[in-house]
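Trainee: Sequence:
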Amino acid sequence: MRHVIALDVGGTGMKAALVGADGTLLHQARRATDRERGADAVVETILDFAAELRAYGEEHHGESAVAAGVAVPGVVDEEHGIALFAANLGWRDVPMRALLSERLGGIPVALGHDVRTGGLGEGRLGAGRDADRFLFMPLGTGIAGAIGIDGRIEPGAHGSAGEIGHVVVRPGGTPCGCGQRGCLERYASASAVTLAWREASGDAKATAADCARAVDAGDPLAAKVWQDAVDALADGLVLALTLLDPRTLIIGGGLAEAGETLFTPLRAAVAERVTFQSPPTIVPAVLGDTAGCLGAGLLAWDLLAATEHPEKAEADSTDNTEVTA
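Mapping the sequence shown onto numbering that gives the first Met the number 0, position 254 (from 1) lands on 253, and the numbers just tick up by one.
Worth double-checking, as some hints may not be accurate.
[Said to hold, decoys possible] Just the calculated beta-carbon pair ranges, DEER-fashion:
id, residue 1, residue 2, range
1, Asp288, His59, 19 to 25 Å
2, His60, Thr241, 31 to 37 Å
3, Leu25, Gly171, 50 to 56 Å
4, Met0, Thr241, 43 to 49 Å
5, Thr206, His79, 34 to 40 Å
6, Leu194, Ala28, 28 to 34 Å
7, Thr206, Gly287, 15 to 21 Å
8, Pro278, Ala208, 25 to 31 Å
9, Asp149, Leu194, 36 to 42 Å
Simulated from the structure, these hints should not be mistaken for laboratory data.
Beta carbons: idealized from backbone N, C-alpha and C, even for Gly.
Using the sequences plus the hints, can you model the full thing?
Mentor: Structural data, given as structure tokens:
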């Protein structure tokens, strides 16, 4: 069966898959990133993992992968296939596309940013498949966004579109690693809620999930911590609504696992803040941690379509139901 290799590289682990032309996950695998061994070792692990997936496809599906897609964190030059910088992996200027293509026998390789790639998967195959314009926001260790327009993800002029986690929602507030103070991700990410709940509860091992459970149990301290995060998130989302006018807001990541404990107050907080803006539909992401792999597979199929059928690539890349090649 014709398939592509998809890799979703994270700070602590990698998810991989063989993806069919209709988005079917034919095989899935995971591996530790082992970043403590250094950047060069991480890159070699990625290359070895991809080679093993290629061999698996040959053995179990009768042919080699026809292309590959890889999603990585940090700053990414998607056009030239270079992983420019990732603080949590320690690398700089890694020619990822060239290295993977060489290891995989010269097949086409697409490189993408992890959140934008996850947004591509969620947009075409998940919660955004019927939306012409959406904003995908995973709330995890940090916050970033993917701006979806007619089946494509907007990269921006310099490859950094969607960095909504670094819009200031609390001027003069908590310092952020980006150099500003009061950034959204310092108040509304899963890690921010974890820190706030640890301080409020006195439990050094508490998590954002623990805070959500305490909210459900009626704990007033937890309710205050949770509402502060919801209010900050709503402020950031209304800014996004004003600038981007998306039809759908897709919220994913660890914090979204709280379900209606998050979505009910968030919808209310956004509704309270909109004036002239058109209220969006706010929905949870549905692909979970497979979004990155599926998105990487879509990148690979899109690249293959552009390589094999350049006259059809434009139409294929805007098809919200399946990928063709």
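Trainee: Next step is simple, just say for each hint if it's right about the structure.
Mentor: Hints, verified against the model:
1. Asp288 with His59: 19 to 25 Å: 23 Å, holds
2. His60 with Thr241: 31 to 37 Å: At roughly 47 Å between Cβ atoms, threonine 241 and histidine 60 fall outside 31 to 37 Å, so the hint is violated.
3. Leu25 with Gly171: 50 to 56 Å: 51 Å, holds
4. Met0 with Thr241: 43 to 49 Å: 46 Å, holds
5. Thr206 with His79: 34 to 40 Å: 39 Å, holds
6. Leu194 with Ala28: 28 to 34 Å: Given a distance of about 33 Å, which is inside 28 to 34 Å, the answer is holds.
7. Thr206 with Gly287: 15 to 21 Å: 18 Å, holds
8. Pro278 with Ala208: 25 to 31 Å: 29 Å, holds
9. Asp149 with Leu194: 36 to 42 Å: Holds, since aspartate 149 and leucine 194 (Cβ atoms, about 38 Å apart) stay within the stated range.
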